[in-house]
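S.K.: Two chains, two frames, a set of hints: combine them into the complex.
Just so you know, the protein sequences line up as chains A and B, in that order.
First residue of the first sequence? That's 0 in numbering that gives the first Met the number 0, and the numbers climb one at a time after it.
First residue of the second sequence? That's 0 in numbering that gives the first Met the number 0, and the numbers climb one at a time after it.
Some hints here could point you the wrong way.
[Unchecked claim] Label-pair distances were calculated between CB atoms; the ranges are: (1) B/65 to A/113: 21 to 27 Å; (2) B/196 to A/133: 22 to 28 Å; (3) B/201 to A/143: 51 to 57 Å; (4) B/65 to A/74: 23 to 29 Å; (5) B/76 to A/143: 30 to 36 Å; (6) B/202 to A/73: 53 to 59 Å; (7) A/122 to B/62: 38 to 44 Å; (8) A/48 to B/198: 46 to 52 Å; (9) A/133 to B/143: 30 to 36 Å.
Bear in mind the hints are in silico, worked out from the structure with no lab data behind them.
Ideal Cβ placement from N, Cα and C applies to all residues, glycine included.
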Amino acid sequence: MKKTKIYLGLAFMAIIGVVLVAADHIDAPSTAGTTADIADFYAFEPTEGSDNTVLIVDLQSNVDPSLAYGSFDEDILLEINVDLDGDLVEDTVIQAIPRNGKMYFFGPVVPTQTGLTSEVLVDSPLGSIEISESSAIVETTDDGVKLFAGPRQDAFYFDFNQFNLVIGGNAPEGFKDVDEAVDTFDGSNTMAIAIEIPNIMLGTPTAKNALGLDVYKAWITTNRKQ
Amino acid sequence: MKLSNLIYASSYFVAILFFTSCNNDDDFSGDTDTMTDTEVEFSGTYAQVDHMGRPGINTVLSADDETKDSQNTTLPTDMAANFASSFEARLEAYHDVYATLLGADPDDVNYETNILGFDAPTLTGYLAADVLDIAPNLPTTYFNPGTDADGDGRILVPDGDEVGLTGRTLQDDVIDVSLILLFGGEEGDRFSGQDTDGDGESDLPRLTSDGVALTASISDSFPYLSSPE
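In isolation and in its complexed conformation, chain B is listed as follows (with noise of 0.2 Å):
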């Protein structure tokens, strides 16, 4: 903790040091001109190192270090072919392992078609293709489990009446949202913690919520994020 409060402290040290010399040749050359484009230096090639559409894939669905490593470095129009198939192994995998915590056979306990009506290799493949979908005229949520506009009583099964994936608010919970994706099945509640026998105690995992909610402070007024802590 201490480590980072300096490490935190020195950085802002240098900052204000840099920041301050930078004004001080304004000062000094009486010349505002000083620091505009036509004298920034911008020449040079640049080669993509990161890259992110949606929060959370490369991270939960790639298998490995290298599947990793090379879904940074590959354009959106090869990830499904490349990617697809691991993540869909992967996503079976997970359900692996609550087999085997459950006592089941990992054969028996296998991914389940979402609320978007997704099977495993929709589900992957549309995931694989790593960018975030942003509607410039419709209500931002990047999902809203629990709305039903028409009343059918299906969480978010669509059925015309839904709007979702239109982009990412900072308040927006797309972990649970990608939890219920993987892990939810058509309802949406798969594996919630269910106390399937009555005697108080969960007997399924709770998987389809990590519990939290946002703790970080938002403004309501452009940058939208507070200050540091």
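With the rest of the complex left out, here is chain A (with noise of 0.2 Å):
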């Protein structure tokens, strides 16, 4: 009995262990690869104190060159999905769509509809940026809402190789020490997409996090044109 949970536990991380797969980067084989593929999401205040609140998105990657990785699809709708009760139901939604060289976004808005499908909410447009190359271009909307949308570096950090060694049981002493250590990302990029919103506009939540503090409860989904 013993035995047989060990071998069947080896096996199973050796076979999960191979997948190339980190933060959201590739993280399942229907989404690995496409111009869909949500690499990660990160939620901020711009500095300590402030009003607002940055999102950023990050889709696709090119830490593997066979990664779709470059240019944003026009078939790809990207939604940050915000809850503000913690019934994990979106009580707000911010879409970005690209068209012809510029990114869209439209919201903070009431969805129309909830659940996995989503039609663009046309008559709730926030504004549109001229999607980046290399040097950013930013524009700042009458509400006081920073938009971006280009190719940027990307910020996350992993040591992805030893991970994969770590939970195929191949790497007994675990991760390495700091010395020794490799950021598999180091020198990847990412098409990014950012938003500095003030907080108003989201609206005030009463959801709790594990420590009992107001928050928004958000999340990211990418959604193909049928």
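M.R.: In structure tokens, the structure reads:
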């Protein structure tokens, strides 16, 4: 019984361990390496005490040259979903979708429908921004919302190769120490969408985190045109 | 490497051509409104294909490809019910790997309640609902191991003096935080490469830090991420 458990565990890890995955980069077979693959999601105060929140979504990655990278896909709608009351249903939504070299933003607005399908919220335009090349083009709307879309350095860091050895049962010592560890994502780039938005536009949360603090509960989805 | 550079260069070449033609349209027409919202087509229905809240959750805790795909098209309201038990099984499977490597009985090396005071079902239930907590009116930190505002000697056991789980900065070491929550036990350092017999060699695996720090350069102004490398 015990040996069965051990062998099953090791075989299981060995199979899983070879899949290239990290943060949300390349996390699942159906989206891995596609233009819809979410790489990362960041949300933070731009400065301490600020009344704004910065939301950054990274799509795609060139950490592996075989992956889709380099341009936003007009068939892919990005949604930033924000739950205010803690029921894990989105109360307000921001959308971004590219057209003809520009990124168009919509919301934040109560979505016309929740669930797994969406339409572009054309009645609630937020603004648009020319998609940048290597130098950043930034737009600030009349409401004080800053917008950006374009290629950027991938700020995610992880010794992913050692992680694979660890979960594969091939690294008895675990992870490497600081002197030997290698950031697999050093030098890689991603297609970033950034929004800096006044909190008042998102609403006031009543949801709590695990420490009892008032928080938005937010998640990113990519959605492909049917 | 060369292939990577080639693909990279090609994509920019296409992008440059594209932007050029777009600008030319404006120039020829003499009408800067040629690309306004009113003339852009946004119709159609879009179906969800990928999901992300916290970093690394689907990656680390989904047991197989089918689960990974399923997680990406599951509503947050259904995630805890659908995935918490399989996440817990995977968490224990990770511990079994190291039990075997350490020559111990896998039944004796299990997840231990972590610095948040979460037992395995509570932690995996919490993580299964894959959303990012963002506090609009507090300093942002995904978690900051080592903070001990009241000086009680605990790394970060919640006792009212902590600010954490308030978002995610570009600098936050989310992998180390995740590893500490999964493998660190109640003091955050359960498997951290300890030399238990004093012979100068590690006797326990180092599982609470991957050892790397931020390598990308970060700007102090919007959009904060730096130009591509």
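S.K.: Return holds or violated for the Cβ distance of residue 122 of chain A and residue 62 of chain B against the range 38 to 44 Å.
M.R.: holds, 42 Å
S.K.: Does the Cβ pair residue 201 of chain B, residue 143 of chain A satisfy 51 to 57 Å?
M.R.: Hint holds: Cβ distance 52 Å, inside 51 to 57 Å.
S.K.: Residue 76 of chain B and residue 143 of chain A, beta-carbon distance inside 30 to 36 Å?
M.R.: holds, 32 Å
S.K.: Does the Cβ distance between residue 202 of chain B and residue 73 of chain A fall inside 53 to 59 Å?
M.R.: Distance hint for residue 202 of chain B, residue 73 of chain A holds at roughly 56 Å.
S.K.: Within 46 to 52 Å: is that where the Cβ-Cβ distance between residue 48 of chain A and residue 198 of chain B falls?
M.R.: About 50 Å separates the Cβ atoms of residue 48 of chain A and residue 198 of chain B, which means 46 to 52 Å holds.
S.K.: Does the Cβ pair residue 65 of chain B, residue 113 of chain A satisfy 21 to 27 Å?
M.R.: Holds, at about 25 Å.
S.K.: Hint says 22 to 28 Å; check whether the CB-CB distance for residue 196 of chain B and residue 133 of chain A agrees.
M.R.: Violated: the Cβ-Cβ distance is about 54 Å, outside 22 to 28 Å.
S.K.: CB of residue 133 of chain A to CB of residue 143 of chain B, is that within 30 to 36 Å?
M.R.: holds, 33 Å
S.K.: Determine whether the Cβ-Cβ distance between residue 65 of chain B and residue 74 of chain A falls within the hinted range of 23 to 29 Å.
M.R.: Distance hint for residue 65 of chain B, residue 74 of chain A holds at roughly 25 Å.
Checked against the numbered hints given earlier, this structure breaks only hint 2.
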